[in-house]
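Here are the chains, one letter per residue:
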Amino acid sequence: MDKPIRVLVAKPGLDGHDRGAKMIARALRDAGMEVIYTGLRQTPEQIVAAAIQEDVDIIGMSILSGAHNHLFPKVIGLLKDQDAEDIMVIAGGVIPEDDIPALKEAGVAAIFTPGALTTEIVQFIRDNIKR
Amino acid sequence: MELINKMLKGDKRACARLISIVENDEKESEKLIKKIYKYTGKAHIIGITGPPGAGKSTLTDKYAKLLRKSDYIVGVIAVDPTSPYTGGAILGDRIRMNDLALDPGVFIRSMGTRGYLGGLAKATRNAVKILDAYGCDYIIIETVGVGQSEVDIVKAADTVVLVMVPGLGDDIQSIKAGIMEIGDLFVVNKSDLFGAQRTATEINMMLDMSQNTDRRPPVVMVTANQNKNIDQMAQEIQRHYEYLVENGLLEERRKKNIKRELLELVEEELKKLVIRETESNGELDRMTDILFNKETDPFTLRDRLLSTIK
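Heads up: the sequence lines are chains X and P, in that order. The opening position of the first sequence corresponds to residue 1 in my numbering, with each subsequent residue numbered one higher. The opening position of the second sequence corresponds to residue 1 in my numbering, with each subsequent residue numbered one higher.
Warning: the hint list may mix true and false statements.
[Unchecked claim] In silico negatives: residues of chain P with every beta carbon more than 12 Å from chain X:
| id | residue |
| --- | --- |
| 1 | R13 |
| 2 | I21 |
| 3 | R198 |
| 4 | N227 |
| 5 | D231 |
| 6 | E242 |
| 7 | T278 |
| 8 | E279 |
| 9 | N281 |
[Stated by the list, open to error] Chain X is faced by these chain P residues, among others (derived, beta-carbon under 10 Å):
| id | residue |
| --- | --- |
| 10 | N24 |
| 11 | K65 |
| 12 | L66 |
| 13 | D103 |
| 14 | R109 |
[Claimed, not checked] Calculated cross-link-like contacts (lysine-lysine; reagent style DSS-like; alpha-carbon spacing at most 30 Å):
| id | chain 1 | residue 1 | chain 2 | residue 2 |
| --- | --- | --- | --- | --- |
| 15 | P | K256 | P | K35 |
| 16 | P | K65 | P | K31 |
| 17 | P | K65 | X | K80 |
| 18 | P | K122 | X | K22 |
| 19 | P | K294 | P | K35 |
| 20 | P | K155 | P | K6 |
| 21 | P | K176 | X | K3 |
| 22 | P | K35 | X | K3 |
| 23 | P | K9 | P | K31 |
| 24 | X | K74 | P | K31 |
Hints were generated in silico from the structure; no laboratory data involved. Keep in mind that this is a model prediction, so the values were computed, not measured. Built from N, CA and C at the ideal position, the CB exists for glycine as well.
Could you build the full structure based on these sequences and the hints that come with them?
See below:
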C-alpha cells in the first residue's frame with residue numbers, strides 16, 4: 001500500500017506571517033504528502049506534542065520574527081526528551097547566513113531561506129526522511 | 001507486539017505508531033486488530049458531521065474541553081480530504097484544537113480520506129478501535145466537510161451530531177433524503193448570525209414531519225467560537241447515549257455496525273480473490289471482451305465466477 005510522507009508544518013513564535021508556511025504546505029500537498037497544518041503562534045511544546053500524536057516523518061517550521069536561535073533548538077531538545085529524535089526537523093524563513101551553521105549543529109537538517117524553490121524542498125524531504 | 005503493550009499503558013507515541021500501521025499496512029493492521037479487539041467497545045463514540053466550514057473543528061475543540069473538565073479521556077479523529085490527483089492532503093483541523101495538544105488526557109489524530117468517499121477514511125474505524133483500547137472514554141470522529149450523501153459516520157458512531165449553519169438554502173434542503181436523516185442531534189452553529197433562528201425552525205419542522213415517534217432528535221443552537229451553549233449540546237449527547245442504553249438500542253446499533261463491518265471485510269476479500277484468480281491468466285480481460293461483444297450478460301458471468309470459487 002502507498003504510504004504517504006507525513007509532514008507537520010508549524011509556525012512557532014509570535015510573528016503572524018504565514019503565507020510562506022501555507023505556500024510550502026500547498027507545495028508538499030501537491031507533491032503527494034500529507035501535511036498537518038497547525039497554524040500560527042505555536043509553542044515548541046505544542047509542536048512536539050502534535051508531531052508525536054500525528055506520527056509525522058518530519059517537522060517543517062517557519063519563522064520570520066528572529067527568534068529562530070531559541071525556538072528551533074528548543075523543538076529539537078523536546079523531541080530528544082521524548083525519544084522522538086528520529087523525526088527530522090527542517091526550517092525556513094528569514095534566517096541570517098551567520099546563524100545557519102549553529103542551527104545545523106543543533107540538529108536542524110536543512111534551512112531554506114527566501115529564494116529557495118519549493119521543488120528543492122520536496123526533493124530534500126524525499127531524499128532524506130528515514131523510513 | 002511491544003507497541004501494543006506500551007499503548008495499553010497509555011503511551012501516546014505507541015498509540016500514534018499503531019494508528020499509522022492501520023493506515024498504511026494492511027497485513028500488520030490485521031494482526032494488530034486481532035490482538036486489541038477484545039479491549040474495544042468501552043468508549044462512547046460521537047460523530048460530528050456537517051458541511052465544510054460549519055465549525056465542526058471548533059465545536060470538537062470546545063466539546064473536548066468540556067469533557068476534560070470531568071476528567072474524561074478524550075480521543076479525536078479528524079478527517080480531511082485527500083487529493084484525488086496527487087494523493088496529498090492538507091489536514092488542517094488541528095488549527096482549531098491547538099491548546100488541546102498539550103493536555104495529557106487528549107489524543108488528536110488527523111487522517112486523510114485517501115480515496116474514500118463516505119466522509120471517513122478507510123482506516124478510521126480501526127483507528128477508533130485503537131483509541132478505544134488506549135483508554136478513551138469519549139472518541140470524537142470529525143468527518144470531512146460533507147455534502148448530501150456522505151453518511152459513513154453512522155456505521156462508526158453511537159451518536160451522530162449534524163452541524164448546520166444559517167444561509168445554506170431553503171427549507172426544501174432539510175427534507176431531502178441522505179445526510180439530514182442521520183442526525184441523532186442537530187446543532188445550528190454560528191447562531192449569532194442572521195438567519196440562524198430560521199435554520200433551526202426549518203430543521204424542527206422537518207423533524208416534526210417524521211413518522212418515527214420513538215425519539216425526536218433535539219435541535220441545539222450554539223456559537224462554538226464563543227463557547228456558547230456547548231454545555232447544552234453535551235447534555236443532549238449524553239441524553240442520547242442514555243436513551244440508547246435504556247432501550248437496548250446501543251447494543252442493537254453496535255451489532256448492526258459490527259455485522260456491516262464483517263460483511264464489508266468478506267466482500268473486500270472475495271473481490272481480491274476473484275481478481276487474483278482471473279487477472280494474471282487473462283480471464284478477466286477475456287470476460288470483459290465477451291461482455292463488450294454482448295455474447296452474454298454480467299449476471300451470468302458473475303455466477304460463473306462465484307461458482308469457480310465455491
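Checked hints:
With a least beta-carbon separation of about 5 Å from chain X, P/R13 fails to lie farther than 12 Å from that chain, contradicting its non-interface assignment. Chain X draws P/I21 into its interface by the beta-carbon criterion, the shortest separation being 9 Å against a cut-off of 12 Å. At roughly 33 Å, the least C-beta separation between P/R198 and chain X is larger than 12 Å, which holds for a residue marked as non-interface. Every beta carbon of chain X lies more than 12 Å from that of P/N227, the smallest distance being close to 19 Å; the non-interface claim holds.
Every beta carbon of chain X lies more than 12 Å from that of P/D231, the smallest distance being close to 26 Å; the non-interface claim holds. Once the 12 Å rule is applied to beta carbons, P/E242 is consistent with being away from chain X; the minimum gap is 31 Å. Listed as outside the interface, P/T278 is consistent with that label: its C-beta sits roughly 22 Å from the nearest C-beta of chain X, beyond the 12 Å cut-off. At roughly 18 Å from the closest C-beta of chain X, the C-beta of P/E279 stays outside 12 Å, upholding its exclusion from the interface.
At the 12 Å boundary, the C-beta of P/N281 stays outside the reach of chain X, the nearest C-beta of that chain being 24 Å off. With a cut of 10 Å, the hint placing P/N24 at the interface with chain X holds, because the nearest CB-to-CB distance is about 4 Å. A cut of 10 Å between beta carbons decides the hint on P/K65: the least distance to chain X is about 15 Å, and the hint is violated. Given hint, P/L66 at the interface with chain X, is violated; its Cβ is 20 Å from that chain's nearest Cβ, farther than 10 Å.
Satisfaction of the interface hint for P/D103 is found here, the shortest Cβ-Cβ separation to chain X being roughly 9 Å, below the 10 Å cut-off. Interface hint at P/R109: satisfied, since its Cβ lies 6 Å from the closest Cβ of chain X, which is below the 10 Å cut-off. Among the hinted pairs, P/K256 with P/K35 is consistent with the structure: their alpha-carbon atoms are about 22 Å apart, no more than 30 Å. Straight-line distance between C-alpha atoms of P/K65 and P/K31 comes to about 34 Å, which puts the hinted pair past the 30 Å bound.
Pair hint P/K65 plus X/K80 holds up; C-alpha atoms about 29 Å apart against a cutoff of 30 Å. At roughly 27 Å between alpha-carbon atoms, P/K122 and X/K22 fall within 30 Å of each other, so this suggested pair holds. Taking the CA atoms of P/K294 and P/K35, the gap is about 49 Å. The hint is violated against a cut of 30 Å. Among the hinted pairs, P/K155 with P/K6 is consistent with the structure: their alpha-carbon atoms are about 29 Å apart, no more than 30 Å.
The straight-line distance between the Cα atoms of P/K176 and X/K3 is roughly 38 Å, outside the 30 Å bound, and the hint therefore fails. For the hint linking P/K35 to X/K3, the alpha-carbon distance of about 23 Å falls within 30 Å, and the restraint holds. Proposed proximity of P/K9 and P/K31 is supported: the alpha carbons are some 19 Å apart, at most 30 Å. With a C-alpha separation of about 38 Å, the suggested pairing of X/K74 with P/K31 is violated against the 30 Å cut-off.
Hints 1, 2, 11, 12, 16, 19, 21, 24, counting from the list given before, are not met by this structure.
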